[in-house]
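Protein sequences, first through last, are from chains C and H.
Start counting at 1 in the first sequence, then tack on 27, and there's your number in my numbering.
Start counting at 1 in the second sequence, then tack on 27, and there's your number in my numbering.
Just to be clear, a hint being listed does not mean it is correct.
Note that the list lumps identical chains together, so a pair holds whenever it fits in one copy or between two copies.
[Said to hold, decoys possible] With a straight-line cut-off of 25 Å between C-alpha atoms, the simulated SDA-like cross-links for lysine to any residue are:
1. 367 <-> 423
2. 168 <-> 396
3. 32 <-> 290
4. 289 <-> 474
5. 384 <-> 271
Just so you know, these hints were derived from the structure itself, not from any lab.
Since the structure is predicted, the reported quantities are computational estimates derived from the model, not experimental observations.
Number of protein chains: 2
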Amino acid sequence: MFELKATDLAGRIGLLTTKSGTIETPALLPVIHPSKQEIPPSLIKEIGFNAVITNAYLAFKNKGEEARNNGIHKTIEFDGIIMTDSGGYQVLEYGDINVNVKSIALFQEKILSDIAVILDKPTGAQLDRDYAERSVELTLKAAKETLAVVTNKEILWTGPIQGGVHLDLIERSAKETSNLNFDIHALGSPTEIMQSYDFKKLTDMIITAKKHTPSNKPMHLFGAGHPLTIPLAVALGCDLFDSASYILYGREGRYLTDYGTKKLKDMSYLNCVCPICCSLSLKEFISLEKETRSFQLGVHNLYVLIKTVNDCKEAIREGRLWEYIGIKAKAHPRLWEAYKNFSENIEFLEDGVPIFKSKGLFLSDIVDNSRPEVLRHKMKMKNNIRFRKCKLLLLPETMVKPFYKSRIYSNLKKELGSIIDQIQICFLAHPFGIIPIELSDIYPLSQYEKALKPDSDSNLDQDMVDDIVSIIYKNKISEVFIWIEGGYTQRLGEAVSKKIEINIVSSIEELRNKL
Amino acid sequence: MFELKATDLAGRIGLLTTKSGTIETPALLPVIHPSKQEIPPSLIKEIGFNAVITNAYLAFKNKGEEARNNGIHKTIEFDGIIMTDSGGYQVLEYGDINVNVKSIALFQEKILSDIAVILDKPTGAQLDRDYAERSVELTLKAAKETLAVVTNKEILWTGPIQGGVHLDLIERSAKETSNLNFDIHALGSPTEIMQSYDFKKLTDMIITAKKHTPSNKPMHLFGAGHPLTIPLAVALGCDLFDSASYILYGREGRYLTDYGTKKLKDMSYLNCVCPICCSLSLKEFISLEKETRSFQLGVHNLYVLIKTVNDCKEAIREGRLWEYIGIKAKAHPRLWEAYKNFSENIEFLEDGVPIFKSKGLFLSDIVDNSRPEVLRHKMKMKNNIRFRKCKLLLLPETMVKPFYKSRIYSNLKKELGSIIDQIQICFLAHPFGIIPIELSDIYPLSQYEKALKPDSDSNLDQDMVDDIVSIIYKNKISEVFIWIEGGYTQRLGEAVSKKIEINIVSSIEELRNKL
Chain C
28 MFELKATDLA
38 GRIGLLTTKS
48 GTIETPALLP
58 VIHPSKQEIP
68 PSLIKEIGFN
78 AVITNAYLAF
88 KNKGEEARNN
98 GIHKTIEFDG
108 IIMTDSGGYQ
118 VLEYGDINVN
128 VKSIALFQEK
138 ILSDIAVILD
148 KPTGAQLDRD
158 YAERSVELTL
168 KAAKETLAVV
178 TNKEILWTGP
188 IQGGVHLDLI
198 ERSAKETSNL
208 NFDIHALGSP
218 TEIMQSYDFK
228 KLTDMIITAK
238 KHTPSNKPMH
248 LFGAGHPLTI
258 PLAVALGCDL
268 FDSASYILYG
278 REGRYLTDYG
288 TKKLKDMSYL
298 NCVCPICCSL
308 SLKEFISLEK
318 ETRSFQLGVH
328 NLYVLIKTVN
338 DCKEAIREGR
348 LWEYIGIKAK
358 AHPRLWEAYK
368 NFSENIEFLE
378 DGVPIFKSKG
388 LFLSDIVDNS
398 RPEVLRHKMK
408 MKNNIRFRKC
418 KLLLLPETMV
428 KPFYKSRIYS
438 NLKKELGSII
448 DQIQICFLAH
458 PFGIIPIELS
468 DIYPLSQYEK
478 ALKPDSDSNL
488 DQDMVDDIVS
498 IIYKNKISEV
508 FIWIEGGYTQ
518 RLGEAVSKKI
528 EINIVSSIEE
538 LRNKL
Chain H
28 MFELKATDLA
38 GRIGLLTTKS
48 GTIETPALLP
58 VIHPSKQEIP
68 PSLIKEIGFN
78 AVITNAYLAF
88 KNKGEEARNN
98 GIHKTIEFDG
108 IIMTDSGGYQ
118 VLEYGDINVN
128 VKSIALFQEK
138 ILSDIAVILD
148 KPTGAQLDRD
158 YAERSVELTL
168 KAAKETLAVV
178 TNKEILWTGP
188 IQGGVHLDLI
198 ERSAKETSNL
208 NFDIHALGSP
218 TEIMQSYDFK
228 KLTDMIITAK
238 KHTPSNKPMH
248 LFGAGHPLTI
258 PLAVALGCDL
268 FDSASYILYG
278 REGRYLTDYG
288 TKKLKDMSYL
298 NCVCPICCSL
308 SLKEFISLEK
318 ETRSFQLGVH
328 NLYVLIKTVN
338 DCKEAIREGR
348 LWEYIGIKAK
358 AHPRLWEAYK
368 NFSENIEFLE
378 DGVPIFKSKG
388 LFLSDIVDNS
398 RPEVLRHKMK
408 MKNNIRFRKC
418 KLLLLPETMV
428 KPFYKSRIYS
438 NLKKELGSII
448 DQIQICFLAH
458 PFGIIPIELS
468 DIYPLSQYEK
478 ALKPDSDSNL
488 DQDMVDDIVS
498 IIYKNKISEV
508 FIWIEGGYTQ
518 RLGEAVSKKI
528 EINIVSSIEE
538 LRNKL
């Protein structure tokens, strides 16, 4: 039912099969209003959305008869995949004694939803713990009640995880919901968190939910429809999204861009080449009659969202999801904060990172020093690599990669002849640390591009000093030679020599004499 | 002839008036081949390019008669603004005794170019200094020869600056070319530098050329047509660009994205919503017959380029050029390297930064600590601000802005009454440093968004310690109180107290007792 095709970080590309067809995830499902939809679902499909979501409660209220008789696909006129949200929010907000968990469940079966959601009790951003706890319990109760009454095995059922900002409640909710064997899980109602750009909190919430649900099931994130939120959530392992943002923003005169929203009236240029933006000027766009403008903005916004989803998928396929999130993160300090905090969750994020990628790593910033591929090498050096030789020569990183093709190594081999076989040779390559020559052509140790040339780091690289000292202790090295070439290795040599006895060399003659 | 409308960093939006109309800069002029043009200029205009460039030498060789009789506009069938490049590159490469500086100049006059370029001697990326020096001299000679023979005052003439990677030669070339009073300046032939992604070198070259030419004239950058290069060059003050990249990439099966190029055949998704990419699937795109594919790719690439230029202009209008370059920089380590190096050229970059902006600053990364608006405040504190009071109270940054609206300040005012008037109150807000309460609502001191909450910086903020010590010395403060609230201010307090006598307080009672 859900087949993984590719992964990077915790993000994945998957194929989700429903009774109305298969959809590739990550996928965003635009919200369709069952009776007051402004942009026709057929146009939404044409833009590239093969699945949509509509609201079972609103369909029940406004189009109950029609939906029961003809099915939801004919009712909203969409022949792709239809998910129905239960309407938990609406029921919570307006109260309605005519519906209950069971009736909403059976209604979704009756109208032949492809993906259905139990009538949950959203926690919202409630800080009140008792309230949050109760919403978790009521949602679990509704989950059990629903699964007990539904019979159509072709419909995929979604079990929402509640708990709001209370991570321990999310954990409990995730664990207990997982036991019920839903087809899909969903993280409930982080809308307010997303609206306040609290990406760090959102990260914690998603990771908690993901850690305590089976990884072979899709994770839906309710209400995410922003070009910064979707990439973050994708990287954290969310597979499905639903949002009415395209039209809500449209009604408010808001224009999505790759990095956020702008008010159309505040803009000076149309930063988009979608069919809408190619067909009219900014001035014309602004002066459209309100309803038409809202419609056109909605369509433009859908184009930006489909591009966002495709960008995420392309980044996963390329193995460049870390780089892509970095670009997005630079667009907003609160997202940068969350991105910077990725280093606290490397174990979780590393899982999906392939051992080999077709593209090299981009290493620009201090944040990149703790990306999974870098830490993986450090762990390997710490836990798996033992040297047989007792002499160690540390050479500076070279621009030529793999390092064994560098001039410095060729010269050493030529000049020292067989002596070199008695020495373990390693290169010092920030941020990887120590790279034994034998590993130097293994991905990504010769497939990376750095912001700074090897010698231009201005400060002492304390991590590298620690790496050197620890590798020497671990490997019972009796003699260490550090090749000094410029300020970076100079500073390293000085710092290491304070902790351990080493030989500093800067020419082959010097090395030969000391050997 | 060239009117500035808005600036940010060294970037600017201008209006350049030619005899065929006015164009808003920054503007990219797609290269049109005078006889073998694949994408019709009319389509290029439709995409949004109101000016193009073509090659005078190639027009002379292939369409000389027609161009002389009917003018270049009819010859290449473009009714917008036409710049003609002289063909210096082609003449250099192939040699041609049938043309010379004078004949190429008069030909450009005859065919009624709107913007013409003298027949220069491109330095290229030649490291040979003698060669570079000679190209500077020959270009200057050609410049003088050209200006001596041309008579049509309606044509704008461009004086190229040569010198290649030799910054002192660029300086000399820029200074001497400036003396000749050209309408437009141009930086010659950094193509190889751009192709090797040496953005730092490119930055140095552009800044050198800009510093030594009059700022009220447009600066053209030859051969820049990449979505990472254009934003960088715009931020550094380049106004005009020309490039054949759209079609050259197209012929190689290369697809432009917002962050670079990809080979169409390596892609998994079309990351674009331009009319081309909306009209066919990736699979269809790949399997197009070569010539059609090259055409369609060319058109797609033009859409990406016009979006890039519009993004730059929007960023200038918004005062978000720093942020925009940061986003682009995260896409490639070599661009990040150049961006990081902006701090070395703050005086140059600061010039165009408005004192007040409509949008707040985004401060995410250590690089942002040296953005012009931040350094401006630091300079102001250092040079212009003197306190009259001799008691100083340093309070931690608050989430509420302006700071005088914070709870901590309201409480102090309420509890201390008139005593507070005898104390100079400042807030400690990284990366700005010290913010006197009187300045706290002046842009951007209450209009910024930071990645980290005030207290979560993990290391000691040495800049802040230095700022505190220096402000105390400068202002003859007799008593200093630092309000401690969490680790950040704790560490600051400890570090400052090692250098100077201070009172540490953490409640109003404590403060009252010590006053």
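Tested hints:
| no. | hint | in the structure |
| --- | --- | --- |
| 1 | 367 <-> 423 | between (28 Å within a copy, 23 Å between copies) |
| 2 | 168 <-> 396 | neither (45 Å within a copy, 51 Å between copies) |
| 3 | 32 <-> 290 | between (38 Å within a copy, 22 Å between copies) |
| 4 | 289 <-> 474 | between (38 Å within a copy, 17 Å between copies) |
| 5 | 384 <-> 271 | neither (36 Å within a copy, 32 Å between copies) |
When held up to the earlier numbered hints, the structure conflicts with 2 and 5 and fits the remainder.
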